[in-house]
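J.: With the hints as extra help, turn the sequences into a complete structure.
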Amino acid sequence: MERSLFGYIIRYSKRDQLLIVPLVVASMVLYFLSLDLPKTIINEPIQGKRFPDPESTVSFLSLALRLPEFLGGDWRLFDGFVLERMPYLFGLTLAFLALIVANGLLKFQINTMKGWMGERMLRRLRYALFDHILRFPLARFRRVKSAELATMIKDEVEPLGGFVGEALITPLFLGGQALTALLFILYQHVYLGMIALGMVAVQAVIIPKMRRRLLTLAKQRQLTARQLAGRIAEVSDGIVEIHAHDTSNHERADIAARLGRMFRIRFEFYQRKFLIKFVNNFLSQLTPFLFYSVGGYLVIVGKLDIGALVAVIAAYKDLPTPVKELIDWDQQRLDVQIKYTQVMEQFMVENLAPPSLQDVIDRPPLPQHGKICVSNLSLVDESGSKVVDGVSFEVGLDAHVAIVGRPDSGRSELAQLLARLVPPSSGTVSMGDIDITRAPEAVTGRALAYVGPSSYLFPLSVRENLLYALKHRPVREAVYAGDELREREFQLREAARTGGTSLDIGADWTDYESAGVANADALEDRVLDSLRIVEMEEPMFERGLRSAIAPERSTELRELLLGAREAMRERLVTLRMEDWVERFDPARYNRNATLAENLLFGAPVGKAFDIENLAQNPYVAQVLEETGLTGDLLAVGHQLAGTMVELFSDLPPGHEFFDQFSFIRHEDLPNVKAILARVTELGLTRIDPADRSQLLALPFKLISARHRLGLIDEALEGRVLEARRYFATRLPGTLRRAVEFFDPTRYTSAASLQDNILFGKIVSGQADATQRIGALMRQVLDELGLRPLVLKIGLDYQVGVGGARLTVAERQKIALARAILKRPAVLILDQALSVLDPASQSVVGARLAEHRKGEAIIWVLQRADAAERAQHVLVLESGRLVEQGTFAELKSRNGTLGRLLKEG
Amino acid sequence: MSLDQEVEMMRQIPLFSGIAPAMRKLLCFGSERLTYDPGQALVKVGDMADAAYIIIEGSAEVSVPSPHGPVIVNTLGKHEVIGEIAIFVDLPRTATVTAMTKVEALRIPKDLFINVVRQNPDAAIELIKVFAMRLVNTTQQLIKNRAGAK
Chain A
3 MERSLFGYII
13 RYSKRDQLLI
23 VPLVVASMVL
33 YFLSLDLPKT
43 IINEPIQGKR
53 FPDPESTVSF
63 LSLALRLPEF
73 LGGDWRLFDG
83 FVLERMPYLF
93 GLTLAFLALI
103 VANGLLKFQI
113 NTMKGWMGER
123 MLRRLRYALF
133 DHILRFPLAR
143 FRRVKSAELA
153 TMIKDEVEPL
163 GGFVGEALIT
173 PLFLGGQALT
183 ALLFILYQHV
193 YLGMIALGMV
203 AVQAVIIPKM
213 RRRLLTLAKQ
223 RQLTARQLAG
233 RIAEVSDGIV
243 EIHAHDTSNH
253 ERADIAARLG
263 RMFRIRFEFY
273 QRKFLIKFVN
283 NFLSQLTPFL
293 FYSVGGYLVI
303 VGKLDIGALV
313 AVIAAYKDLP
323 TPVKELIDWD
333 QQRLDVQIKY
343 TQVMEQFMVE
353 NLAPPSLQDV
363 IDRPPLPQHG
373 KICVSNLSLV
383 DESGSKVVDG
393 VSFEVGLDAH
403 VAIVGRPDSG
413 RSELAQLLAR
423 LVPPSSGTVS
433 MGDIDITRAP
443 EAVTGRALAY
453 VGPSSYLFPL
463 SVRENLLYAL
473 KHRPVREAVY
483 AGDELREREF
493 QLREAARTGG
503 TSLDIGADWT
513 DYESAGVANA
523 DALEDRVLDS
533 LRIVEMEEPM
543 FERGLRSAIA
553 PERSTELREL
563 LLGAREAMRE
573 RLVTLRMEDW
583 VERFDPARYN
593 RNATLAENLL
603 FGAPVGKAFD
613 IENLAQNPYV
623 AQVLEETGLT
633 GDLLAVGHQL
643 AGTMVELFSD
653 LPPGHEFFDQ
663 FSFIRHEDLP
673 NVKAILARVT
683 ELGLTRIDPA
693 DRSQLLALPF
703 KLISARHRLG
713 LIDEALEGRV
723 LEARRYFATR
733 LPGTLRRAVE
743 FFDPTRYTSA
753 ASLQDNILFG
763 KIVSGQADAT
773 QRIGALMRQV
783 LDELGLRPLV
793 LKIGLDYQVG
803 VGGARLTVAE
813 RQKIALARAI
823 LKRPAVLILD
833 QALSVLDPAS
843 QSVVGARLAE
853 HRKGEAIIWV
863 LQRADAAERA
873 QHVLVLESGR
883 LVEQGTFAEL
893 KSRNGTLGRL
903 LKEG
Chain B
65 MSLDQEVEMM
75 RQIPLFSGIA
85 PAMRKLLCFG
95 SERLTYDPGQ
105 ALVKVGDMAD
115 AAYIIIEGSA
125 EVSVPSPHGP
135 VIVNTLGKHE
145 VIGEIAIFVD
155 LPRTATVTAM
165 TKVEALRIPK
175 DLFINVVRQN
185 PDAAIELIKV
195 FAMRLVNTTQ
205 QLIKNRAGAK
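Here the protein sequences line up with chains A and B, keeping their order.
At position 642 of the first sequence the residue is numbered 644 (the working numbering), and the sequence of numbers has no breaks.
At position 52 of the second sequence the residue is numbered 116 (the working numbering), and the sequence of numbers has no breaks.
Treat each hint with caution, since some may be false.
Unchecked claim - Simulated restraints, written as ranges between beta carbons of each label pair:
#1 ASP715/A - ILE149/B: 39 to 45 Å
#2 SER81/B - ARG680/A: 32 to 38 Å
#3 LEU562/A - GLN183/B: 39 to 45 Å
If you're looking for bench data, these hints aren't it; they were derived computationally from the structure.
Keep in mind it's a predicted model, so treat the numbers as computed, not measured.
For glycine and all other residues, C-beta sits at the position ideal for the given N, C-alpha and C.
T.: Printed below as a string of structure tokens:
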């Protein structure tokens, strides 16, 4: 990318800029004419210069070509219309109007073209910068904060786009306009012209000088803003440390100091800016004063006609604006030049990967047989020390190799070199007959898989994270038609104009071949295999059971799960366990469900009937009122409040029992006590509405069977059932989508798989019921062959930002599954299992080894004893390969490995 | 079955009789009332102790593992308390308790139990009495065994 902004602009928008030039010139001509015409209007029809007597006429719009004598002299093209004084006036003024309209249209066209040009350049610049990020060497990311990169691409280049449109056209346009006006004034009268010229010169000299300081301020403003963005991101990344060490006030002070500095800078900036504005305005208003006095004098002494003076003043009215804008433009130029340079400084890095390294290659040659040959591989780090020093070895492409050494032995760096994440300082790595050190990423990204000690997951579903490793190129192009096709073609044209990629994100990028399967179904099976290898099958199954099916899933699936519901019911009957689950029955009150669930008798969709807030819902209140339930529930709420006050009053605030058992928070206790006192005084019916609604809300979470308070008797149950029916039948159309009612014969999409299969509540009071019902449900699903289905639904689980909705170990396992899914020729694991507990480390390790039998694994191990599983062991010390051989050999030799084993 | 009945039952058990009524009610409210089928285990040897139990109805046998299979060491009935010692030490259960008949039990979570004892000196003293009694029994048993061995 160009170091200078103008270089960049000229290189990429020369053609577009040139296309606008003729329009600008045409606009200048029209402008000159529109300045000249008023003079004619005043002097001729108004003052009657060419109308010596009432019958005089003149020819309007006559056109003549003035040619030299030898070509036949003047050549009249059009004799014009012959008009009297009054029509002549209107003819001229209409011509004036036409000029203004034409000039306006031209300007509109110019602005549109400028806008397009600017947007295109902005797009190009942003894309190019992003492209650079993708090609940065990894070391670069240790020095630049991600938030700062984002700010630069998002915010800092934004004004650049706006300026590109202005870059060449604006000085041309404004300069032309100012020059035209100046020439016009000079042409009218030399003195007046000189005055105008002088004032413009003063403006052009003083203002930029005053603005020099503004530029420094602008630069500081940009830098401090960028650093602020970086600091905010740091605080959010380090929030745990901040809480853990009570440093929030330190951070507050830091941000406050930064905001203070920014305030100073911005304050000075605005102060200067307004001072300059004042000087500028003063200078431009000084000139008319001179015009009126000097021009007026000239008219009086008869050296200037009045039409010319009016025209000069009109022309001068247009002069300060372009001059001021020109100065603004110059300011903007310097400003964006600074922005551009500052952004470029961050993006121009050494060792940027060449674009060819990331070219799309459909079927690159991949290493298949032979050996991994590493010769004389070295890596010098930023401080100049050799972290990997002349490592050479040869192993088969079917071997499992362990790399052991102390943490500072260069073992991780070697793994990164082998994975070609870091280019070596010297030496080569070849696999089969391919030179890995020079191969494009199309080769390394398919042939090698690297999993480090902590892997990143994208905030997508588990499935999408797994398939991420297969998305090297668009494999099946999307088919577009009609408007979509036109839109796609438009986007392609624009992408081509701005140096963007033509690859379509809408295409299907999943490369089945890379995973060794033929179609989507087979891929799904492969995904499940990979999950099994890393011990993620059970957790995903669990998540599947707990999730709701996405609406786009087939109805067939729902049918299958309804089958499971029926099978589960039958199984419970066979085992005489039907009492263990209290099924949802439209005609019965479910004592193991909350009162809220009993009333709603369905799964809430969205927030309207959220169980937590059901009591506050106006429709619910209406139903309670109309079915006469309000009084009952108020009584229950009153009793419940009494019990809670009795049970919890003596507990200290913040006691865990409040969270675990209480219907009332500790801080609400005094309030509830006060309400109870008011009830005693006034009676339940006469307390005010706020108290009522508080008491009314209490019983909604009451579960008769669990809480055993005996507050809901059979009669009340019957009335709740009535309210349930009333609720359903009178539900207004607007709320119909906010709840999905339970129906024994229908699948409830809004509820989880588990809830659908049970279709009821596990009874409280039956020992071990939850575990046994859970086991039974699994058994039933297995028998029906639905396990893979549930797993697939589990794969839709969203992992959250950075995989935060998974445990650290699960994240790492998903990363491992992602790595083996693409069947790399060499799997490189850099302490990839270290966050797993010891038991799963050995299980997953063994399964990986089994799965990769006959295919290479290079395994950097935290503990030397784990190397026993490998066929070949490399021992590193201070970046050097000090020993290699089989584990048994090296162990018996009692060398470095022996020592490492003793250290444990 | 209502909470009040459980509270009343608890009042009759010496260990809990000294506790303030509101606290006793809270203890019941925070506990689970569970039904066990004959043969179903209330606690298993080796599990971490996370609760104590009061048998409301039915009977259960206490067994400890031995090289020759489990040996039954005790039988528990109505209103007897199970596992109140284990929850004070973070050790796995030393015995298995299995329902002999259909058993109704109140399962008191460890945290709840400890908290109630902490706030009720009377309950703590009752608990010490229970432990002391056991110690006396065990010592006598030991002396008897020694004498037998000689």
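J.: Any hints this thing doesn't respect? Which numbers, in order?
T.: Result: hint 3 breaks, nothing else.
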